[in-house]
Structure formats: C-alpha cells, structure tokens
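Colleague: Line order of the protein sequences matches chains A and B.
Using our numbering, you'd call the opening residue of the first sequence number 1 and step up by one each time.
Using our numbering, you'd call the opening residue of the second sequence number 1001 and step up by one each time.
Derived from the structure by calculation, the hints contain no laboratory data.
Just to be clear, a hint being listed does not mean it is correct.
Facing chain A, a subset of chain B residues (Cβ under 8 Å, in silico) [what the hints assert, rightly or not]:
(1) 1016
(2) 1042
(3) 1043
(4) 1048
(5) 1056
(6) 1061
(7) 1065
(8) 1070
(9) 1072
(10) 1091
(11) 1100
(12) 1101
(13) 1102
(14) 1103
(15) 1107
Glycine included, C-beta positions come from ideal geometry on N, C-alpha and C.
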Amino acid sequence: GESVGLHLPTLSVQEGDNSIINCAYSNSASDYFIWYKQESGKGPQFIIDIRSNMDKRQGQRVTVLLNKTVKHLSLQIAATQPGDSAVYFCAEFVSGNTGKLIFGQGTTLQVKP
Amino acid sequence: EPEVTQTPSHQVTQMGQEVILRCVPISNHLYFYWYRQILGQKVEFLVSFYNNEISEKSEIFDDQFSVERPDGSNFTLKIRSTKLEDSAMYFCASSRSKPYEQYFGPGTRLTVT
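Pulled out of the complex, with its shape left as it was, chain B reads as follows (with noise of 0.2 Å):
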C-alpha cells in the first residue's frame, strides 16, 4: 500500500540554522499539506499546497517558514532561522480528490538547541 514518507525521521539543529524538510507524499495524490505537533500537544496545521502553490497556511506559518514542490515527487518546508519553540514533530500529508482524508507520513521529530 502506498505511504507518505518523510526524511530525516530525527533533525538536530542549533538555533538560528535553516533545516529543510523533505515529503514525498503518495504518487496519485494532489493535495499536500505539512503539519506539526509539539510534545504532548495536538495536531496543528501549518501549510496546504495544491497546483503548484500554497493554497492556505495559518498564523504559525510565518515568514521564516517556506514550502516547495521543487519535483513532481518531493514536498518541502524550509525553515530559515529555527526557533527553540520550533522544536516538533512535523507530519507531512497528502490526499487525493478527497481533502478530508489525509494520509499521513511518519513525521520528523525536529530539535532546536
């Protein structure tokens, strides 16, 4: 069955260094999206993306994060100078005619010391 799939599963950075990271949703699928989740906490959205271009994001999805589809396989988000509260497990998802039924990857579990 096909999956999402994410890399690194874990990323290290020190505070003010850019990381990228890298989704490569179900092949058939159109819509993709990345979430985040702090330790304990639930599921928040950050970003959707869809024909090329982001198509919603919210308040967390400030000017220090970006997202591409630099393929037509990989989905990316960068986040230029990371923040100690950036520190997350970021889920990336994808679905295909159905926005309501989102398949989730494994996350990235990001560390900002």
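Pulled out of the complex, with its shape left as it was, chain A reads as follows (with noise of 0.2 Å):
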C-alpha cells in the first residue's frame, strides 16, 4: 500500500548545528520525492524535490539524500536556524493524469539558540 513516514516526531539541535530529519517510504513506483516544511498555522512550503533516479540534490542550504535500496530519504539543514523551526513533511508524489501528493507524519524541527 502507500504509506510514507517519519522515524522521529520531534528533532532538537542548536543554533548553528547541521540537521538530518529522516524519512521512509513504502511505494518504489513513486517518480519524485519532496520535502515541505510547515510553520505554525501555514500551509506547506516546497523545500526541495528529487526525482527517484538521483541520489542527491542540493538546494540552498538543504540537501536531499535518496536511498532507494532501502526506501530511505533524508533532509539535511546547514546551519540550522531559529527560522527553520517548524514541521518538516515528507511526501512522495504518485503519478497519475495529475498525480498526487502522498505525505509522512511529520517531524517537528526545535532550533534552540
């Protein structure tokens, strides 16, 4: 069946310090893979996307790391920020005529100065 989720509920760093939020997925069919991150009473913003035949992506100051041979996908954060605290949700996107978003449980990011 589909199903993505999360290992962590709750990721806890320093101001400064890099953070791995980690997530595993089920559906090998899935063409692209994304990360949103939720701020308290806003909508998912678009972090950063990789399709499934890459095993890396960088954007700025985040990199995506997909590992398909054991379903695993991981959002780095450089320098973590007070401003990236927030809900990081991963989801897979489901093709289809116009596919859909299938997404994780979420990880809540806590940046502490």
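From these two lone chains plus the hints, build me the complex, please.
Modeller: So this is what it looks like as structure tokens:
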C-alpha cells in the first residue's frame, strides 16, 4: 500500500548545527520525493524535490538524499537557524493524470538559540 | 511572489450545513488540488482538478464533496452536509507544469459543531 513515514516525531538542535530529518517510504513506484516545511498556522511550503533516479540533490542550505535500496529519504539542513523551526514532511508523488502527494507524519524541528 | 490564497481563514458551521471553501490558485497554474489535515495528523489528498474536470479523488472525497472552478481564478470545495469528522484544515494547492511541485495556500480551518 501507499505509506510514507518519518522516523522521529521531534528533533531538537542547537542553532548553527546541521540537522538531519529522516523519512522512510514504501512505494517504490513513486517518481518524485518532496520535502515540505510547515510553520504554525500556515500551509506546507515546498522546499526541495528529488527525482527517483537521483541519489542527491542540493539546494540553498538544504540537501536531500535518496537511498532506494532501503527506501529512505533524508533532508539535511546546514547551519540551522531559528527560522528553520517548523514541522517537516516528506511526501511522495504518485503519478497519474495529475498525480497526488502522499504525505508522511511529520517531524517537528526545534532550534535552540 | 505569487501565492495561493484561501478564504475564509476559519469557518465554523453546524453539523448538516453546507460549506464552501474558496481558493485562488496562482494565476498561470494548471493543476489544482485540495488536501485536508486533521489536527495533529498528516496532510491527506482529497481531489485533483485539471482541464476543468476532476482528475483523481481519494476515498475521502465522497458524494458530499464537490469542486468547481467557476471562473478563471477561483477554485472551490463544497461540502454539502457537514459532519463532525469533517473538522480539519483544508488546503488548496496548485502547480504549473510540474504536478509534483505543488504550492499550498494558508488553509481554511473548518470547525463543525
């Protein structure tokens, strides 16, 4: 069945440290995997995506790693800042006419000053 | 930067009443979606819309739900007879040419009493 999940519900890091948020998925047929950030009272905000035929993709201060062998996805945030505090969701894109996103449970990232 | 907007931000209604949630997607986008998030849970796909018709829908999207794009800018979700379990945040999303890169609105909090 379709299932996307996250390993840890809460991650607490010191400002300036690097953060790593993990995600496990079960649907090998997904074409894309995406990370979203959700701040309190707001909708999910697109961070970065990775195509299923890639292992790594870098953005501004973020890196997404995809390990298809173990069906694992991670988001690395460099030099974590207080503004990074939010809930982070991984999602897999299931192709179709328009496709749809299947979200995981979410990891709360707390950045300590 | 263009954003998806949603109104109202909070809607309180009595069980059995009809509600219409409104969204204005980003203007040059082609794919439109509704998702919902029950408090403390993950974001769930409801329905997708493309080329003026429903493309895909989830098992949640039963006969009580309908969507419309009445003009070139608005995208609405109607719930005909609300139930207590319909209480959730409802997010509208849109995408342009990459359906996996979806941009979400701030959401409408629906409270059914």
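Colleague: Of the hints stated earlier, which fail here?
Modeller: 1, 6, 7, 8 and 9
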